[in-house]
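Build the full structure now, drawing on both the sequences and the hints.
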Amino acid sequence: MSTATRNPEAAWRRRDRLWGMAFVAPQALGMAVFTLLPFAVAFYLAFTEWNGFGTPQWVGLANFADQIGDPLLRRSILNTLVLALVTVPIGLGLSMVLATMLNSIRRRGLYLLLLFAPVVTSQVAIALIWQQMLRPDGAFSSLIARVLGVVPPDWLANPYTALAAVCLVTIWASVGLNTVIFMAGLQNISPSVLEAAQIDGAGVLTRFLRIVLPMVSPVIFYQSVVAFISSLQTFDLVFVLVKDAGPDNGTRTIVYHIYDEGFQKSDFGVSSAASIILLALTLLITAIQFGAQKRFVHYEE
Amino acid sequence: MVQNNPRPSRRGVTRLGQSPLSRRLVLGGALGGAALGALGLSACSGSSGASSEGQVIWSTWGSPEDLKTFDKVQAAYTDNHPETELVFNPVPSYSEYHSKLLTQLSAGSAPDVFYVGDDHVASLLRNDVLLGLNDQLGEKTAGLSADDFNERLLEIATLDGELYALPNDVNPDTLWYDKQALEDAGITEDPAALAEQDQWTTEAYFEMLAKLQASGVHGAAYYNYWATHYSWITSQGGQVYDGDAFVAHEDPLAAPALQDFADRFVSGEQIVADTLPEGAGVGSLLVTHQLGFLAAGRYMIGSIEDAGVDTALYDIVRWPTPDGAAAPTGVAASYLAVNAQTQAQEAALGFFGEFLNTDGQRLRLEGSGTAVPSIEGADELITESAYPEHAQTMLDMRDLGYANFAVEAAVPDLSGTISVDHMLPLYEGAKDAATTLDEVAALIAEETAQ
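In order, the protein sequence lines correspond to chains A and B.
Take the first sequence: its position 233, counting from 1, is numbered 233 in this note's numbering, and each next residue is one higher.
Take the second sequence: its position 202, counting from 1, is numbered 1202 in this note's numbering, and each next residue is one higher.
These are calculated hints, taken from the structure and not from any lab test.
Do not rely on the hints blindly, as some may be mistaken.
[Stated by the list, open to error] Only pairs whose alpha carbons sit at most 27 Å apart, straight line, appear in this in silico DSS-like list of lysine-lysine:
| id | chain 1 | residue 1 | chain 2 | residue 2 |
| --- | --- | --- | --- | --- |
| 1 | B | K1211 | B | K1179 |
| 2 | B | K1431 | A | K243 |
| 3 | A | K265 | A | K243 |
| 4 | B | K1431 | A | K265 |
| 5 | B | K1140 | B | K1072 |
[To be verified] Derived list of chain A stretches under chain B, where covered just means 3 residues or more per stretch with a C-beta under 8 Å from a C-beta of chain B:
| id | segment |
| --- | --- |
| 6 | 52-64 |
| 7 | 263-273 |
[Unchecked claim] So these bits of chain A aren't anywhere near chain B, every CB distance computed over 10 Å:
| id | residue |
| --- | --- |
| 8 | L29 |
| 9 | R108 |
| 10 | L113 |
| 11 | L148 |
Beta carbons are placed, not taken as given, at the ideal position from N, Cα and C, and that holds for glycine.
Printed below as a string of structure tokens:
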């Protein structure tokens, strides 16, 4: 006890640290086994030639050279970027509009339930349902034919419409979550600020553009980073929705490419190299987003 | 003592949304985790195999209906060997089955006995994961001998003289045809009758396609895989491989024949079965009289019987040829192999033998079986069933036909890449046959050189 009396802070600090480590340990262990270890293995494999059997053969940068010259990887990157650049702005914009509308009505439970349902549905189920809807004789095409009086395309049979269909389903499946998060951001805006602006003569549009948007900009930024990263990782939806990466590889995404090289062609070195390229691309895009943050995101300090 | 602790200072503890620094840190962490997660995909694996002594785990792919055909052979094995526990771990889809199998073999947790598709067996046996069979066949495998099988079907399962797998059963792609659809299109001749007189010519077939299309139905449907492209080339007198060399791009007959074939897809007389929307299969088109011909195996019997249509309306014929005489075409086969690392080798070989021998094939294929026996001595299964009327055609096509070419099958997914990235654009009219064959030749040269 004398030690504790002399230096009481050190004792509780040490104990706290031990408790802290104990609480973090399961998470850290999971992270090490399921994230860091696979990362280290994938990083090593990227410099080897390995078909899943025997000992990997060191090939240096050959896999990266192979991948950089591979038209299929370029096609995958292009498709993935188109997917991200279409779904993130449209998805977030739509969610913002929906959140603003829902925020101004009192009985919104049912709407939120309908919007949020796809978020808690598995991607595989979503893909299977949309696969049937997007058939030439499916519900979606029949609706277009009936309402607009035109013959809709066979969505999943053409490279361009197949990618458009993937974008549509991605937006549909994610809009609920984005809306709920935006609503939380909107509810954090103090009504007094909006009232003050109203008294000063600001109209609805001015209030939205000058007050609401800047004040939820941190949420928009957070959502855009997360949405962009998840777009870059699109796999399960295209894997189930469209066969063999779509007509003419029209819906081949980077992660599909990684899967194809690794698990279809048994070329784990090339597959790992492609995944390192995806990591670099993700870091680059996120760095750009963080750079843009300084200009467009307003933090209330 | 814990209750005496002073409350931790709030220094360093910040709430999300209060400090931009913490937000950036959290975002950075989330980003790092998410990006690393993508990498994990190429390094993950699963397992469910790995047996012990006294237990034989085996696996294959198939729909629930397909898997029922294994009930009898499994029951027979269990009755004969009560000391061995037989465990069946099937996978529904063909492509997922092979992804899983490769991962399990790599991780040392694969089943003891397993199916391998004809597009995977040649690449797999080069990895020392299959048990060599030369010294095992015979007494240990219920009397099974390699001589009981069509030699040309064993080539892709053999490496340096060692045999690693045997065909379970085979499915020559016969042309199933709908007599009613043909009659409705004003076709008076019967394809099988023409074939019996060696008058089943390419010209007659093309004329029928035109009439079928004119009557408002699809002429013919083919699955987009190696046996379709190569069967057409060989049936028209062309050559695909000369030994280990791909020669179709230099063969004077191959490109024009393939172009004629592709033109019929572009015109809509023929359709690619794989490109139909999910749920709208070619099988259902055939049983609803909306399709004249369908290249398919014996498994069509089940589809026709289940559809509740008059089964006598359907028969089979070999592929048409320029002179009307029979020519070799592709035979789809699946193979059975034993895990080189099995802990129960004796029991695994016993099951392997009883599954593949004449009795095993009878138990699996009798009645409305889904395939044709691969072994000599079980042909009466096909001839005695008397359905379809020209069932003998299946046996003739098996005996004359060939399995996928070993050099091509040895590269994982090469046949699949050729079909999806090269042949499909040809059938969709995006390329011509000569260019396609040149590209395929270049791809095969590049892939097999490695």
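- Is the Cα-Cα distance between K1140(B) and K1072(B) 27 Å or less? holds, 21 Å
- Would you check whether the claim that R108(A) is not at the interface survives, using Cβ distances to chain B and the 10 Å cut-off? holds, 23 Å
- Query: Taking the minimum C-beta separation from L29(A) to chain B, is that value above 10 Å?
  - Reply: About 15 Å separates L29(A) from the closest Cβ of chain B, which puts it past 10 Å; holds.
- Task: Below or equal to 27 Å on CA atoms is what counts here, so check K1431(B) against K243(A).
- Result: It holds: about 21 Å lies between the C-alpha atoms, which stays within 27 Å.
- Take the C-alpha atoms of K1211(B) and K1179(B), compute the straight-line distance between them, and say whether it is at most 27 Å. Answer holds: K1211(B) to K1179(B) is near 13 Å, not above 27 Å.
- Item | Three-residue Cβ test at 8 Å for the coverage of the segment 52-64 of chain A by chain B | The restraint on the segment 52-64 of chain A holds, since 3 of its residues have a Cβ under 8 Å from chain B and three suffice.
- Is the nearest Cβ of chain B still more than 10 Å from the Cβ of L113(A)? holds, 26 Å
- Task: Grab the minimum beta-carbon distance between L148(A) and chain B and tell me whether it stays above 10 Å.
- Result: The claim holds: L148(A) sits with its nearest Cβ about 21 Å from chain B, beyond 10 Å.
- Query: Keeping to a limit of 27 Å between CA atoms, is the pair of K1431(B) and K265(A) held or broken?
  - Reply: Holds, at roughly 25 Å.
- Verdict on chain B covering the segment 263-273 of chain A, where coverage means 3 or more residues with a C-beta closer than 8 Å: This one holds; 8 residues, not fewer than the three required, reach chain B with a Cβ under 8 Å.
- Restraint status (C-alpha distance of K265(A) to K243(A) at most 27 Å): With a Cα-Cα distance of about 16 Å, the restraint between K265(A) and K243(A) holds, given a limit of 27 Å.
The earlier numbered hints are all upheld by this structure, with none contradicted.
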